[in-house]
Amino acid sequence: METQHHSNAQKKVTLQDMTWREISEALDRGFDTVIIMVGSIEQHGPHLPISTDTLIADELAIRMARKLGNALAAPTIRPGCSDHHMSLPGTISLRPEVLLDLLRDYCRCLARHGFKKIILASSHGGNFAPLETFTPVLVREFPQLRFIHYGDLKGFMEVYQQEVAKLGLEPEKAGGHACIGETSEILFLKPEVVRTDCFEPGYIGSLKGQLSRVLRDGIQVITKNGVLGDPRGATSEFGEAILEGVATHLAEWAEQELEG
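Numbers 1 to 260, taken from this note's numbering, label the letters of the sequence shown in order.
Simulated from the structure, these hints should not be mistaken for laboratory data.
Treat the hints with care, since some could be wrong.
To be verified - No more than 25 Å apart at the CA atoms, straight line, and that leaves these computed lysine to aspartate or glutamate pairs for DMTMM-like:
#1 173 x 200
#2 166 x 200
#3 224 x 170
#4 117 x 22
#5 190 x 170
#6 154 x 97
#7 67 x 32
#8 154 x 259
#9 154 x 83
#10 224 x 172
#11 116 x 141
#12 154 x 217
#13 117 x 105
#14 154 x 172
What the hints assert, rightly or not - Across the chosen pairs, the derived CB separations fall in these ranges:
#15 192 x 255: 29 to 37 Å
#16 216 x 139: 26 to 34 Å
#17 244 x 209: 25 to 33 Å
#18 190 x 11: 31 to 39 Å
#19 25 x 49: 32 to 40 Å
#20 237 x 193: 12 to 20 Å
#21 196 x 256: 37 to 45 Å
From a predicted model like this one, the values you see are computed outputs, not experimental measurements.
Just so you know, even glycine gets a beta-carbon here, dropped at the ideal spot from N, CA and C.
Work the whole structure out from these sequences, hints included.
What follows is the structure in structure tokens.
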């Protein structure tokens with residue numbers, strides 16, 4: 001019975017699904033790294049739920065933790081910085097200083113329990129700049145912790161586009177927001193929340209120079225329905241492949257950073 005108990009504990013990588021004893025045992029076995037993902041609660045077109053980025057963040061954290069081998073996934077910070085989506089109902093956006101305070105409290109608690117390394121990452125583009133700003137603050141305030149953060153939004157979008165291209169999907173459909181890629185991911189993760197009867201294209205075209213405009217002026221300046229790309233043609237199989245590709249990229253990045 002004891003062997004089975006330990007075996008089950010090793011399979012779990014999400015703190016929220018573990019008991020305090022399982023977490024203590026994991027720490028004793030060298031699981032000293034925690035992944036903190038920041039998602040969002042924001043509009044994702046007429047067909048996807050406002051929890052889309054958070055559902056994706058949860059899955060990326062789990063896959064990263066399993067690939068790294070000595071990491072656990074903290075509960076995703078569900079709302080993020082999403083002011084550029086406030087033109088459409090349901091979006092809940094944190095002020096940057098509130099997000100920083102949440103990260104501080106996460107780190108304070110994790111450090112107290114004996115974790116040593118923190119991986120900060122995001123599934124939502126609007127969180128990249130705040131995390132870039134906040135990481136040096138956290139480094140100063142928590143010298144006992146080692147921090148790495150994934151701050152390359154352009155690189156993240158390139159990896160996403162590469163995974164879409166590998167599947168032979170049309171690049172203009174993969175705008176990165178409620179598009180064929182994200183829609184496929186949610187069809188894999190939680191198909192019952194996808195309104196397949198509401199698929200419609202949004203902004204179609206190059207995003208070069210547009211992302212900064214969207215972040216500054218709001219998504220409504222280029223799309224009325226909140227979609228960047230086109231969800232039509234999305235499948236669960238595409239979604240799993242994209243999630244696996246992005247998670248592999250993030251895990252390889254984290255491994256390299258932590259070894260450096």
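Do the hints match the structure? See the list:
1. A threshold of 25 Å between alpha carbons decides the hint, and for residue 173 with residue 200 the separation of about 11 Å falls inside it, so the pair holds.
2. Of the supplied pair hints, the one linking residue 166 and residue 200 holds, its CA atoms being roughly 23 Å apart against a limit of 25 Å.
3. Of the pairs offered as hints, the one joining residue 224 and residue 170 holds, with about 22 Å between alpha carbons and a cut-off of 25 Å not exceeded.
4. A distance of roughly 19 Å separates the Cα atoms of residue 117 and residue 22; the hinted pair therefore holds under the 25 Å criterion.
5. A C-alpha spacing of about 24 Å is found between residue 190 and residue 170, which places the hinted pair at or below 25 Å, so the restraint holds.
6. About 24 Å separates the Cα atoms of residue 154 and residue 97, which keeps this hinted pair within 25 Å; it holds.
7. Under the criterion of a C-alpha separation no larger than 25 Å, the hint pairing residue 67 with residue 32 is consistent with the structure, at around 15 Å.
8. Restraint check: the Cα-Cα separation between residue 154 and residue 259 comes to about 24 Å, which is no more than 25 Å; the hinted pair holds.
9. Proposed proximity of residue 154 and residue 83 is supported: the alpha carbons are some 20 Å apart, at most 25 Å.
10. Proximity of residue 224 to residue 172 is assessed by CA-CA distance (about 17 Å); at most 25 Å being required, the pair is judged to hold.
11. A distance of roughly 14 Å separates the Cα atoms of residue 116 and residue 141; the hinted pair therefore holds under the 25 Å criterion.
12. About 19 Å separates the Cα atoms of residue 154 and residue 217, which keeps this hinted pair within 25 Å; it holds.
13. Restraint check for residue 117 and residue 105: the C-alpha separation of about 15 Å stays at or below 25 Å, so the hint holds.
14. A distance of roughly 16 Å separates the Cα atoms of residue 154 and residue 172; the hinted pair therefore holds under the 25 Å criterion.
15. Restraint check, residue 192 to residue 255: a C-beta distance of roughly 35 Å satisfies the suggested window 29 to 37 Å.
16. Checked against the hint of 26 to 34 Å, the pair residue 216 and residue 139 passes, with Cβ atoms roughly 28 Å apart.
17. Separated by about 30 Å at the C-beta atoms, residue 244 and residue 209 satisfy the suggested range of 25 to 33 Å.
18. At roughly 22 Å, the beta carbons of residue 190 and residue 11 sit outside the given window of 31 to 39 Å.
19. In this structure the hint that residue 25 and residue 49 lie 32 to 40 Å apart at CB holds, the actual value being about 35 Å.
20. Distance hint check: the CB atoms of residue 237 and residue 193 are about 18 Å apart, consistent with the given range 12 to 20 Å.
21. A hinted range of 37 to 45 Å for the beta carbons of residue 196 and residue 256 is consistent with their spacing of about 39 Å.
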